[in-house]
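Each protein sequence line maps, in turn, to chains V and C.
With our numbering as the guide, the letters of the first sequence map in order to residues 873 to 1289.
With our numbering as the guide, the letters of the second sequence map in order to residues -16 to 345.
One thing to keep in mind: the hints can contain errors.
[As the list claims (entries may be wrong)] Some chain C residues flagged as far from chain V (calculated, every beta-carbon gap over 12 Å): (1) L5; (2) H77; (3) N83; (4) K104; (5) K154; (6) S159; (7) K165; (8) L244; (9) D282; (10) Q329.
[Claimed, not checked] Heads up, incomplete: computed chain V residues facing chain C, CB under 10 Å, no partners named: (11) R1066; (12) A1189; (13) V1199; (14) P1207; (15) I1210.
In case anyone wonders, no lab produced these hints; they're calculated from the structure.
Ideal placement from N, C-alpha and C gives every residue a C-beta, glycine not left out.
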Amino acid sequence: MSSETRQILTTDGIPLEVSLKKAERKNKIKAFLLVAPLLLFLLITYIFPIGDMLLRSVDDKMVTEMLPKTFKSMEDWDGNEMPPEEVFEAFYLDFQKLVEEKRDGKLSTQLNYTKNGFKSILKKLRRKAKNFEEGNYKEQIMAVHKRWADVEYWRAIKRRAPAFTSSKYLKGMDMYKNEEGKIVSVEEDRRIHRVLWLRTLEIAFFVTLLCFLMAYPIAHLLATLPMKYSNLLMICVLLPFWTSLLVRTASWMILLQQQGVVNDFFVMIGLVADDNRPEMMYNKTGTYVAMTQILLPFMVLPLYSVMKTISPSLMRAGKSLGGTPFVTFWKVYFPLTIPGIGAGCLLVFILAIGYYITPALVGGASGTLISNQIAFHMKSTLDWSFASAMGLMLLAGVLAIYWIYNKLVGIDNIKLG
Amino acid sequence: MPNNQQFVRFDKVDKSYDGKVLVVKDLNLDIAEGEFITMLGPSGSGKTTCLMMLAGFETPTNGEIYLDSNPISNIPPHKRGIGMVFQNYALFPHMTVYENLAFPLRVRKVSKDDIDKKVDKALSMVSLTGFENRMPGQLSGGQQQRVAVARALVFDPAVVLMDEPLGALDKNLRESMQYEIKHIHESIGVTVVYVTHDQGEALTMSNRIAVFNDGKVQQLSSPDKLYEEPVNSFVAEFIGENNTFGGQVTNFSKEKCKVKLDDGSEIFANPITVKSNGDKTTVSLRPERALINTKEKMDNNFKGKIEEVIYHGDHTRVRLNLLGNKEFILKVPNSSANMDIKLGNQINVSWNSHDARALDPK
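Just chain V, with the same shape it has in the complex (with noise of 0.2 Å):
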């Protein structure tokens, strides 16, 4: 065989592999507006949002664009002792700036969110500069208030210079970067988000634990039963799917609270005094019994279509060559579902770390997750960043655990229909 490699020509003489792009170049260009829709929607409502989520979960700019000359003016102060002169002074000109334009307020905020005490201050100095005397602002800042004479407020503000941040990370994981710049974690009694991250993988381990249990034996008889039973099963699963989630979650609370259905049940059989009826609501009991109902077809679903393709002779073959039912069912049929476990516990534990309606109405307290924190900072607080900040960290625990997923068992052995 000769190694050299000849070009090879059509009958026209155009080389064969240029006449081939040519060719095919038409069904490519078909083929890309046919996606291009469903592209640009994507792009449009899932790749910006995510990107504009990190900037606004890192963006610090703005207390940077207000004190512009002050910032500059302190990037040669070490911050040990009392900033000179010229610090003063641009901080006065910034100040002034942005009393004129009325946006002082905003700064106090934002300097109040670095240390508390600063909105006093501000306001104060805002009443006073205007009888400021031109030259040696040092020493009639410092008269406004004593805290304008503290080391620690000039600190604070210089904490701010960077344009991005951080910070709003830190205060998802219960920590911040004190004086020192070295990052601590808040005293214990501050301690809310690590609570809530905990109880969130808590919550998601054990509704994935619950609904594997319950949609393993399901998934199997719907796979085995004749086709007139296992429709109507199927139906069943499918049931809560056609109902709205909202009208779902409202049905368990009239079930499980104190003067409920379950309660009265319990009740009427003795299995509890009527003075003594327990809790089964606004608490995790709760959100496990809703949630586990709600993502039950998602773990049931996969598995499913697993154990239909597993042929019935499999298990006959199993047992035919002497093993017990248990032991064929162990080493033949439950390796054969792996990949829909895989798939079923992915979907679920990934849908169940980011649960939000389903804990906010039936979780109370002790039963809302972290999605319930995102969205209390979205619409309560208004402090978006912060609220973009640990739907990132939220996102990226989801990538951690495909990842950690792919590793152990593979992402190709997912099978989800």
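With chain V's structure known, arrange chain C on it following the hints.
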């Protein structure tokens, strides 16, 4: 050989799935130790049901099945020690060839060394040595089938059941596998119960064949007897090619009877199921038993018109219109003596009355 002639015994077995129709009716069947027996029949004739009852995946509605004189109806499949080869191989797709073969040994707690030895032996028996670490998906259909056979034999079962194991293979492979399975059976002497609807397969491989139809065994005998001496018209029709004449017995004797055909002509036949004059009958004659232009003396001699000639290489198939039967088939060896076989020619056809079997009417 002092073989147990009733190693497997079906004793008055009935089987119904819905309580209305009997799929297997009053089945009595003895299978000898070391025998290769084939259950042959059209689909829905109950042969697979019988196999499944023997394997333990179905329970007899009535009657009992004995294995080596022990009733087995209440023994679950995994305790019966019966190997089985399935139609679609049923290899465990997530295990290697080695693990597939080791499965029946591992559940029997065989030691690792013995497993290695037995797997080696079984694989060499089906000439697949060196394939231990392949996955079933990486094997061809024929190789998968051989693994399935090896797996059914590796734990030395007393009986091996095979449920149309070659159904999914192409013709050439199927034929070579038939010989291979036959040789394996001969070399290890295991009892094989084989189910198929392919009569060629049954004739090639079996010691005895049980022809099933309508839930009953129609005939149980060796392949040659089955072909040469079918006991009823279903078996005659089902096994091999067959020319039939419908008619009525007019002159009955034990050796020979005269049958008046529907078109008025009379032929001599060998009375098998007919008992007396006036019985309706179907006369069955194998195509190769009728000769053309023969000099031999035979008691049936007729003239027929050639309707169709099909060349088959080693022989020629000739379709005649003979005695009112337009589908009368002849197999003529291709030799220079038979050159006057031309479409439309009249031709002399003769056969011995002994080969024309007067059976039950269709």
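Output the indices of the hints that this structure fails to meet, ascending. 2, 3 and 11
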